[in-house]
Each structure stands twice: as C-alpha cells, then as structure tokens.
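S.K.: Given chain D, put chain P in place with the hints provided.
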Amino acid sequence: MENRKLRIALTKGRIEEKAVSLLEKIGYDVTNLREKGRRLILAVPNEDIEVVLAKAADVITYVEHGVCDLGIVGKDTIMEHGGKFYEIADLHFGKCRFALAVKKGADFFAGYGVKTVATKYPAVTRNYFEKKGIDVDIVKIEGSVELAPLVGLADGIVDIVETGTTLKENGLEVCEDVAPVSARLIVNTVSIKLKQERIQEIVKLIEENLQ
Amino acid sequence: MKNNDLLTPEGTRDLLFEECAAKREISERLTGLFEKSGYSEVITPGLEFFDVFNGYVRDFPQEMMYKLVDGKNRLMVLRPDSTMPIARLAATRLKDEKLPLKLFYNQNIYMVNPKDSGRDDEISQCGIEILGGDGGAADFEALVLAAKSLAACDEDYRIEIGDMGIFTELLAEYECSVELAVNTRGWIETKNLPKLDEVYAVENIPETDRIYAEAFKALPRLFGGIEVLEKAKKYLHGEFYDMKLARLEKLCRDLSEVIPKEKIRVDLGLLSRKNYYTGIIFRGYVEGYGQPALSGGRYDRLLGDFGRDAGAVGFAVNVEAVARVLLQKDGEVFKKSPDVIVWSDVPVLALKRCAELIASGYCTVNSVLASAEETREYAKAHKIPHIEIINGGKITSEDI
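If you're matching them up, the sequences are chains D and P in order.
Numbering follows my numbering, in which position 39 of the first sequence is assigned residue number 39; successive positions increment by one, without gaps.
Numbering follows my numbering, in which position 259 of the second sequence is assigned residue number 259; successive positions increment by one, without gaps.
Pulled out of the complex, with its shape left as it was, chain D reads as follows (with noise of 0.2 Å):
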C-alpha cells in the first residue's frame, strides 16, 4: 500500500477527452486510456501513475478520501458536491456557465408568490437563491430539466447551459447566469503533502500546457 502508484481520477464523459489529450500534452503515453475498453483502472506506460475512470461526483470521493491523489473533475460537480480536498488550478476546459432559465418572455423575478425552481443540482440553486435571499421551492430532476417548466411544475430551471440550443428548441431563455464552471485539477490534501515534489512536478507540467 506504501508503494501504491500515483493515482489520477479522470471524469468520465463531456471533460474526458480533453483531460486524456492535456496527459498526452505533457508527455503520457495515454493508448490505454485510449482503448480503455471496459477496464477501470488504465496504467500510463513508463510512469509511475496509473488513471482511474469514474464518475464526476466519485471523482471527488475518491480524492476526498485519499484513495486518488488527483482528480479532473468539473466546477458544476464540485460546487454541487462539496468535500474537503485541494482545488488548485482551473484547466480552462469543459467551459459552460450554470444559469437561471424560464419560458421565453416570463418574468422569474414578478409576483409575490413563492417560485418553484427544477433543477439536478439543488444544492447550487439553493446556495444561488439564498445569497439572493429569495425564497423557493426546490424540486429536484434526474432527467431534462427543460420539461419541467413547459409541464407547468416549475417557474425555472437551474442548469449547465453551453450553447443554449437546447433552451432555445424548447422555448426557454436565460434569465440571469448564476456562476461560469470550467475542468478544474483537485488533490487530496494529505497526499500533496506527503507526495510534495511528485505531485507540484505534475501540477507544473499541466499548468504549462493548458494553453
């Protein structure tokens, strides 16, 4: 367990490319992560460092828990999620922006009444209206959020808007952004303590290469 390999979780899905291709930039040998087939667990050939595949909300626990020493996951998982890890540099990918939406022409802010907001990430929404110190009812949506208020079960929605083509094709617009999110490089906090020269060597050769 002392002689464990260096361990990078990487998340799974829209950020993993561009994480497999910042690893090729800083000279992995990354066909594994390439041709990964159905395994976890990838070894980076010639490195003392192996990448494990996970989801963006896991990616986050295993970091937290020490059990990866780094973590590529995206601004969105980690303001939803929360932890205690280090958040040390933004990669500039993956660049989308969390916003408030409604149906074309309403007006989210009019009325007295209490809103109803859908969202998957009720913790950003409820972070968002609290600061705003609005009060409102928070649903929580596994699926396309964008049904929610078309049904009539919310007043907005709360959610990962890229280019707005999907709000559009449904009839809905942004109504206000709540917070840009882009890739961003985490670490446990034990390990860049106890692997310091290992860790700050990796973490200089990304940042090097993200332009």
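Nothing false has been slipped in among the hints.
The calculated label-pair distances, taken between Cβ atoms and stated as ranges, are:
1) P/Gly304 <-> D/Gly143: 49 to 59 Å
2) D/Lys5 <-> P/Tyr66: 35 to 45 Å
3) D/Ala43 <-> P/Gly304: 51 to 61 Å
4) D/Leu40 <-> P/Gly225: 34 to 44 Å
5) D/Gly37 <-> P/Ala172: 54 to 64 Å
6) P/Val258 <-> D/Ala43: 33 to 43 Å
7) D/Arg38 <-> P/Glu373: 50 to 60 Å
8) D/Gly37 <-> P/Glu332: 29 to 39 Å
Covered, in the sense of this in silico footprint (three residues per stretch, anywhere, with C-beta under 8 Å from a C-beta of chain P), are these stretches of chain D:
9) 57-67
10) 87-96
Rather than coming from a laboratory, the hints here were simulated on the basis of the structure.
All values reported here derive from a predicted model rather than from experimental measurement.
No residue lacks a Cβ here, since even glycine has one placed at the ideal position from N, Cα and C.
M.R.: Leaving out everything else, chain P in the frame of chain D:
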C-alpha cells in the same frame, strides 16, 4: 414503519476482535505517553448543553451536531469536540487550580456528516491540552508531544505547522466585508488557487491593498520544508509578520533537534474553520489515511470566552483512523487467539487447571461444551492449537 434493529446508524460501526485490539493498543500507547509526560486525565460528559459549543468563538456548526433535549426541554448535543468542554472545565471546577494545567483525554466525539459520504460520525480521539504557561514553551511542548504521538503510531508520519495569526492579522489590516473574509479563509484553507487568483487579480485591487492580495494568493502556495518561511518574507512585511515567521522558524529548528528534519513540514495556508484557533496550528499525517490523523493548535480566546483568561494549546489524534491504517499494514500483529482449551467431565477441575495455565502465561479457554469431542471440533474451528482433556481426574494433552 421500517425496523432498523439489525443496523448500526450511518457513520458508526461495530468493532470486532483485532479492530478492538488495534484501537486499544493505539489509545494505550498515546495515553501512556501523555501520562508519563505528566498530564492528568479528564473525562467530560458525552452529553453537553448546546450552549457550550455555540457562540462567536465557540462556533461549532449547528447542522453538524447531534441534538436532543433534557427533562427541562433544554437543547443538548452529543459532544462534537473535546476542547470546548475542557475549556469549560478549566474555567469552572478547575478555576482555582494553578496554571499551567496539563490535561489529556481519551473519548469519543460525534458529528453529523453529509449523507453517504463514508465519513465517521463517531470519532475516537486521544488528545492533550496545555492551559496557561508561556506561549512559546507550551507550543513547543505540544508539537514535540504531537510528533511523539505520531511516531508512537506509525514511523511513516509528517507533522505540519502553520500559524492562524498571520492570516487573521492580514485580514484585520485589509478591512474587508465579513463575507469576503469568511470566503477568503475558505479559499486559502482549501487551496482554491483559481478563485483567489480571480478575486485578488491585480486589476481588481487598488494599489494600496495589493500587498494583502498578493499575500492571500501566496499563503496557500507557501507549503513544504522549512525553507518556505524564507520565501514567505517576500509577501509578509512588517514587524508582526517578522516576529511570527521568526517564531515559526525557531519552533521548526527546535523541533528538528528532536525528530528527523524531513518529517517537519510548513504550510502557511493551513487555517481552521474553528474560530477559536489564534496562533500556531498543526496537523499530522500518516501514509494510508486520506485525512489528517492529528490536528491541533493554539487557542487563546476560548478560555476567556468561558470566563477564565488564559491561553492554551492542544491537539487530538483520531485513534480509530490510525488503528485502521495499522491493521491494513499489518493486521496479523493484532490477531490474538487462545493457546489452549480445557475440557473436563468435572467443571471444577477444568477451571482449576485453567487457572494454573493462565498463571503460567497461557491464554486459556474453559470449554463449556458437553463433550470432549465437541470441544475438539470447537478448537479446530477457532484455531486453538492445544486441547487438554481431564477425564476421571487424568489430564491428557492433544495438539489440534
């Protein structure tokens, strides 16, 4: 209604056999060390009034405390921290005791963690508090004892030192809103470098405040060996900071006389959400555990908050976490099985023979089974290497 009678609550667990042995071993090593160093043991109640942990200085987050009410409908909590009750104790029953007081404890704390996070809600801690005395001398003793505690658990440890006072002073000079202050503390504590770089970007900050902005951005990056303190001088200017850095340097140098230098780390971004810490703050890490195994620091306002003006310093070790690491590394050490089992048709004879064997140093089991044959089966199943059978007053010994 669903019946939960077969489960333990989330964040708690039953400990079995070698888990208990490992935990007991760790707490014995630590309490032994504290006792030999002249500390006196205290035990505070598991149940305390909510008010003990609630206030500006005592600001344990209320959503993290297990709450209940007493017979008079007053709000109670399961102790979420041992330092605050000990400060209460020092300001009340021990108020006439001459300072410095050196106390140790070995007890559990309880906190409500986020659902499904896999964190422990029940945490066993072994720790010390030095109340009063000369600040510098007490800090050094606490650090040495912390290092010894870690070494007693696992050779592969690091101790890391920072100072909460540096950040607090910067904040006081900078004069920002409470919200920004709280956020900045959080960003530094979690080394959220992108956020600090964004908020404290040169173009956002008036010229007069740049030194603070630069310092806030630098603090979380200033970690590593003792040389970090030298680098810090670039960002921290003024007599107060020179004094703080010189004190930290002295502590590290003095400490390196006692423990190997490479085990000593510095992190000026080490801050605590606990409002009561005022001076040095430190953490201990062991390989194989993803969170600090030890944490502590100086708290000069806490006792005053209970009505007795005195500074203090202390730390606690997460006993069970350390025990788990040791079990994973070498579980065999803690596995204990009996040496011999004794069965007799006359129970009195069996117990007499057991007493003899125990007196000669063997771990001996008295068989409460009905026959010698059943006892053999039992010994096999429980890997007990020897069996003694006393039949008609005659002892026969067998290897299993």
